[in-house]
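Chemist: What follows is each chain in one-letter form.
Protein chains: 2
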Amino acid sequence: MAKVLTSRKENYAQWYNDLVIKAGLAENSAVRGSMVIKPYGYAIWEKMQAQLDRMFKETGHENAYFPLFIPKSFFSKEADHVEGFAKECAVVTHYRLRNSEDGKGVEVDPTAKLEEELIVRPTSETIIWNTYKNWIQSYRDLPILVNQWANVVRWEMRTRLFLRTAEFLWQEGHTAHATKQEAVDETRQMIDVYAQFAREHMALPVIQGHKSENERFAGALDTLAIEALMQDGKALQAGTSHFLGQNFAKAFDVTFANKEGKVDHVWATSWGVSTRLIGGLIMAHSDDNGLVLPPKLAPIQVVIVPIYRSEEQYEAVVAKGEEIRKQLLKHGISVKFDKRDTQKHGWKFAEYELKGVPVRLALGMRDIENGTIEVARRDTLKKEVMPMEGIDEKIVALLDEIQDNIYNKALDFRDKSIHYVDTWDEFKDTLENKGGFIMAHWDGTAETEQKIQEQTKATIRCIPFDNKQEEGKCILTGKPSKERVLFAKAY
Amino acid sequence: MAKVLTSRKENYAQWYNDLVIKAGLAENSAVRGSMVIKPYGYAIWEKMQAQLDRMFKETGHENAYFPLFIPKSFFSKEADHVEGFAKECAVVTHYRLRNSEDGKGVEVDPTAKLEEELIVRPTSETIIWNTYKNWIQSYRDLPILVNQWANVVRWEMRTRLFLRTAEFLWQEGHTAHATKQEAVDETRQMIDVYAQFAREHMALPVIQGHKSENERFAGALDTLAIEALMQDGKALQAGTSHFLGQNFAKAFDVTFANKEGKVDHVWATSWGVSTRLIGGLIMAHSDDNGLVLPPKLAPIQVVIVPIYRSEEQYEAVVAKGEEIRKQLLKHGISVKFDKRDTQKHGWKFAEYELKGVPVRLALGMRDIENGTIEVARRDTLKKEVMPMEGIDEKIVALLDEIQDNIYNKALDFRDKSIHYVDTWDEFKDTLENKGGFIMAHWDGTAETEQKIQEQTKATIRCIPFDNKQEEGKCILTGKPSKERVLFAKAY
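For the protein sequence lines, the chains are A and B, in the order given.
So the first sequence is numbered by my numbering: it starts at 735 and just counts up by one.
So the second sequence is numbered by my numbering: it starts at 735 and just counts up by one.
So that you can see chain A by itself, here it is in the shape it has in the complex:
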């Protein structure tokens, strides 16, 4: 069968785009920069959502919903935030259309102009802190631990399916605390939750750390991030958690009386992950044959394909397949039995390989006679004929094994791709010829970071937690440095 994908080696960006389209995950829409998330792609998002939502609730958070629109003036209230967010955004200026004079269409009704324009939320700190103002009077009202699942819009000029789209789906946590320490701890707790989710569910090892000032969220005092490595050696920021200090409380005048009756501003955090994670999931694990999905996030974990030559055989094989399907369902495995007789089994094999279904079971007459079944793993592409007896238990174990294997493969690749360099030439050479993460010394200034980016396109991805302290010299300026930081080219 002809390969349907451009290979990664040939053109990684093209491979990614082909894969997203051909596996039926998403496509571009009629609206510039906005994508349609197709059912198979959305099913991955639903699995991500369900698990993240569980983890948020286990850590004491509740969901709520805040308005899509934000009054323009709100953006001017926090000085840094306005610089970062109030620029490329969708602006609602009118609230009515009318029939056009030629009778052929509709046009904006100029008399229905809003007094104050509304911005389609690019993130919700402003509207939420304006709301919290009414919720918080005393320390008894704190903490507020709220999350929102929502769509947001940022008018990106260059978009790529899942990775960067004008509209995307995400969750944004917004918490309010009585003390600085509590907010700092929350910020850390949530980046740990994201790291655990990436590791255990996405099979994606990540490096956690602080962002440099340049890369910080607009309005934050500290931004924590998880950074993952893609197969082309570029980094992907997969989630961020921000310590906002009292900036938004001051901008929106949110104060509380503490236990001693003293009035103070409230401390804040915000944190989010988005449908971008799906892009990261695809780029981290998939191969030239198609998607490779970790079982914990795969919409279909096991597919059963019947193999037959006659109607009689079809009936026998389907009856047996149905038995196996029911056995697997009892274990909570999501299983698809593709009984369609409009497609040949070879076509189905290729289809589920492309779609990254972790385990494929094929069942023919010989299997029924011998009490066997063919088990194929998507991660290794290996096939094995196994006894039918106890197959359900074996599949349960195999799914765990595949999950672990995908993780270990990504971990191994990531670890091999962390390079320690000490000179500017080495830095440029590594970036150009090897890619991956680079641990290097930096003088700690925004100017130097800026220059490095201009000359190499590499940015500081993070300053890892528990970073080893060691004396060194900045790769660009030669000025003294106390620790290495993590550089990479990034999505």
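Calculated directly from the structure, the hints in this document are not laboratory data.
You can trust all of the hints, since none of them are fake.
Heads up, the list lumps identical chains together, so a pair's fine if it works in one copy or across two of them.
35 Å max Cα-Cα, derived DSBU-like pairs, lysine-lysine:
#: 1; residue 1: Lys-1060; residue 2: Lys-1128
#: 2; residue 1: Lys-847; residue 2: Lys-811
#: 3; residue 1: Lys-1116; residue 2: Lys-1168
#: 4; residue 1: Lys-1070; residue 2: Lys-914
#: 5; residue 1: Lys-791; residue 2: Lys-781
#: 6; residue 1: Lys-821; residue 2: Lys-811
With chain A fixed as given, assemble chain B onto it according to the hints.
Modeler: Below, chain B alone, put in the same frame as chain A:
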């Protein structure tokens, strides 16, 4: 304790608004017509979503996500649809802000004007059918059974929390079929799903039927609805399912080759329910003391309140309460143990009554000595001291009993509120003095329906399924009629 709510008798609208605010369900936001759904209100929506989503998937549907923005020109493509939807809507005209010259804020950048304005979706038929065009070539691509959970915006002039807001959350199913009959069956199936959901989960009896032409969805050939009765005698349309014929397929040129190779336009349905359901849930069951929530949708099904006079007693009572909490959790009951020592138990009783928690357990020293516990039902406000032994099983049964009781009470009220009238005077008198549903003859014309509405504010809620055929005369015009239709004043 002073009553915190206006009574229903005094002012039903005020009672409703007080209740939504004071029970912490939702509040108005800084954006005209947009609400903030607070955690307790959102938790009800999550329970509704989870159950509806299960029912959609059991009937073969998948979720997907389509763009928030719709190009203005799309609305002109379906003639009826444009009349109904392209009027009061939010229009995005620009995509950038810039710093204002006075340096104090931001303003719309006039150079960043969109060539074609984008409409924030009021409903998604147009963008979805524009997408389906690319998904459908042959009968093998059909049916498409897709649902979307999303926010939509309709620029309403008079808004009320949950019942009518500019932005609201909903689900919209959009299906595509090869035959008319299949689409007609799907339309009916989904209104049946909604009716079942209302009955079994919301404890809300509904009348199902066809909308009259006046009340039909813009672009539909037939609209089916479920109509519920609120305690003030007004009807609430709680869900609709539309048979769209080939209108959208024709507007967006979506054709397919059938089994015989003949090309035809695709048949369509769409169906939706929204956060409005929360308004209906509140208005159908709650009383002057607060919310009354059916156990199946209550965020907290059981609350345990400890009663004590000393720290020693507190510890004993809390230890026992913890045991009971764990027992209940094993049955999958969502239970809150309110151990806070910052609030008295009387305050807690009032709070959970206001919040509609179906069962309240109170536990004091005497209970521990006697092996008993006090069980209070929110629906009947009755209290009973029960043996602690086997209390978990009793609570499981009690929750079912409460669910049934709330339903039966609403059913009884609804049935008593259906009036059969034959004359215009009787019609007006019933509307004015009794309210409720009125079954009356109508001559079948849009003009008459319009006149009835102008004179009485009553509309035809639906023409019930399996409606009894009987000869009669239109209450307004005296013209012959073959069946009664269901009238009411409505939200």
